[in-house]
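With the hints as extra help, turn the sequences into a complete structure.
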Amino acid sequence: MRWRNAWIVMRKDLDEFKKQKFVIGSIIAMPILLGVVLPLATFVPLVTMAPLDQQWDIDGLLEIGSLPDDTAAPWTNQTRTDTSYEAMVFRHTFFKNASLTNCIIESCILENTTILDSTVQNSSLVDSVLLNVTVIRSEGTGLDGKFILAVSSDLAFTRTKPSEIDQVLPMMFNMILMIFIIIPATLPTIIATYSIVGEKNNRSLEPLLATPTTDGELLAGKIFSAFLPSMGATLLAFTLGVVLLDIVLIPKIGYPPLPNLTWILSMVLLAPTACLMSVLACVLVSSKVSDVRAAQQLGGFVVMPVVILMIGVLAGFIFLSPIMIFVFAGLYGGLDLGLFLFVKAIFNREAILTKWS
Amino acid sequence: MIVCEGLTKLFGSVTAIQDFSLEIPDGCIFGLLGPNGAGKTTTMRMLSCLIAPSSGMAHIDSYDIRKKEDAQKIRGMIGLLPEVPGLYETLGAYKNLDYYGQLYGVPKQQRQEAIQKTLSNLELWDRRSEPVGGFSKGMKQKIAIARALIHDPKYIFLDEPTASLDPVAAKIVREYILELKRKGNTILINTHNLSEAERICDTVAVVKNRMVKIGNPKQLAKGLFTRTVTITLQSIPPKVLQEIESFALVSDVQVKENQLIVHVRNPKEDNPQILSWLLQQGAKVQFIQEEEHSLEDVYLKLIEEAGQ
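Protein sequences, first through last, are from chains A and B.
Count the first sequence with my numbering and you get residues 1030 to 1386, in order.
Count the second sequence with my numbering and you get residues 2 to 309, in order.
Heads up, some of the hints might be wrong.
To be verified - Cβ pair distances, simulated, as ranges:
#, chain 1, residue 1, chain 2, residue 2, range
1, B, P108, A, K1050, 30 to 36 angstroms
2, B, I289, A, N1230, 40 to 46 angstroms
3, B, M58, A, N1230, 30 to 36 angstroms
4, A, R1232, B, G216, 55 to 61 angstroms
5, A, R1232, B, G28, 53 to 59 angstroms
6, A, M1030, B, P108, 53 to 59 angstroms
7, A, N1230, B, S137, 18 to 24 angstroms
8, B, E246, A, E1379, 57 to 63 angstroms
9, A, I1375, B, D153, 33 to 39 angstroms
10, A, F1371, B, S295, 23 to 29 angstroms
11, B, P36, A, S1055, 33 to 39 angstroms
12, A, M1030, B, S14, 49 to 55 angstroms
Derived by calculation from the structure, the hints in this document are not laboratory data.
Beta carbons are placed, not taken as given, at the ideal position from N, Cα and C, and that holds for glycine.
Listed below in structure tokens is the structure:
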């Protein structure tokens, strides 16, 4: 195999591709729609409308919060354990294993207590859950901080269990990630199905086959010329999608969630192997049919292995972890190699020239 | 040298060409003549290693078209112009030629010089970047011919090279083909243009799914037809009309106004005797001329016979 010849074939195909403005448009538009617009349309309403965990900059808010009259350290003169209270005011009380709803709590110590829709001021909190609670000038550790509006300092939140968003995000990321696997598997149907049958219809195949270029060189050139634009458009949409999703999510969860290891591995291993598989299948179809439309119709079936993976993910049978990425990338890589050898073996110059007329 | 022996190609039950044998010496222009479907393009494709023969063999120089390892070398020695130019219509003339130059392994500088020279000769250098899709048929054909020659091949196979060209462009191409011959190239032409074949081909082969006849265009005519002589008289005496049919040296006599059209076997020896006989009969001879059979006559007769 002289790679130089494959490179020449690829460059010529890319030169031709650059002249097809509508094809370029569809190659870029599809990943942008699926990989950028669709995820944003999913996440923006979620983060703007749903109640999410929030951790405010409590020191910054001290200035606008009203300072309590009693700034002394909390002390207690009574203990209440294993009890629920609603709509009451407590001062200087030690709560343990209690539940407080719609209460005003001042200068108390609360341990392992659940506090709902209340105000806590000048108190000390340990291992408690606070839901929709305004905390003023207090301290605490081991807190689960859902729905907290804190105007205080020295509160150490420790997530004792995953929040709703933490549970939902990985599932959603998995589904969005599938889009970035589907895109490179779908795009080659636009380019690669044209590769051989297009040359035949253009009547340029005969002079091309009359050159000393071998079957392998010709096929490799055709494969790369479909692979590169497909992966290029996918990476463009991936980068744009990741940046915009981070911009949307950082204010709500406090850190850029993407790209995580799974996403990076997917882009490095799974997307290219899925893309290559699609390209190979499309080139195979293209070398066997006599009409571009037939090639594109049949080319639609080549995304089936990726669709199977997607169904597995959506149905919850498969979770795209790094290990699963390696497994599927290996599987797709093996299929790619087998397909290339198969395409090369059945590529028949004579049949292409004489049976397509 | 190209040598074919018993070359046969079957497509299923259809015989494209059968038992085709010939020798094309170096530096010769060889024409393949035949109707559509006669197997000319199939033969050219087999010799270009695009399709494999069903049986028989062919060598180009010392390379065997049946051997896979030789096919690549043979393709490198041949410049092929197919029936249709098959250019990349969205690309410019320069890129079309450059692409093939690269595939044939022509060094960059040599390639650039060759392309510049060719496109300048075709008066296309200023339009080298324009998509060739906008060019005329003739212009595309010229670019396709230039593409076949980009690697300076020893053997040039041209399938209907002047089919889509206007008379002036066709003449330029014919002259170019003759120039290539002078340079020592060996040229195989498939053509329907019989006057063109007659003018430029050293040897022609009439094919109709097999070799019908091979030879120099003029020799073919001589071997195929009896010689026709037209004798124009001032007037035809009645005695001549009555007796010429029985005159031993002529056959198939036709009378057209004051002309006698007769077929003779050996004009050089027979014509003086015929003339003296006519003079004896009182005929006054104005002109005598031999009718030459064109390659078209030869072709039509051969194809008709092959059909029978």
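Quick rundown of the hints versus the structure:
1. B/P108 to A/K1050: 30 to 36 angstroms: holds, 34 angstroms
2. B/I289 to A/N1230: 40 to 46 angstroms: violated, 59 angstroms
3. B/M58 to A/N1230: 30 to 36 angstroms: holds, 34 angstroms
4. A/R1232 to B/G216: 55 to 61 angstroms: Since A/R1232 and B/G216 have Cβ atoms about 33 angstroms apart, the given range 55 to 61 angstroms is violated.
5. A/R1232 to B/G28: 53 to 59 angstroms: violated, 31 angstroms
6. A/M1030 to B/P108: 53 to 59 angstroms: Violated, since A/M1030 and B/P108 (Cβ atoms, about 21 angstroms apart) do not stay within the stated range.
7. A/N1230 to B/S137: 18 to 24 angstroms: holds, 21 angstroms
8. B/E246 to A/E1379: 57 to 63 angstroms: Once the Cβ atoms are compared, 58 angstroms apart, the range 57 to 63 angstroms for A/E1379 and B/E246 holds.
9. A/I1375 to B/D153: 33 to 39 angstroms: holds, 35 angstroms
10. A/F1371 to B/S295: 23 to 29 angstroms: violated, 55 angstroms
11. B/P36 to A/S1055: 33 to 39 angstroms: violated, 46 angstroms
12. A/M1030 to B/S14: 49 to 55 angstroms: The hint (49 to 55 angstroms, Cβ to Cβ) is violated, given that A/M1030 and B/S14 are roughly 38 angstroms apart.
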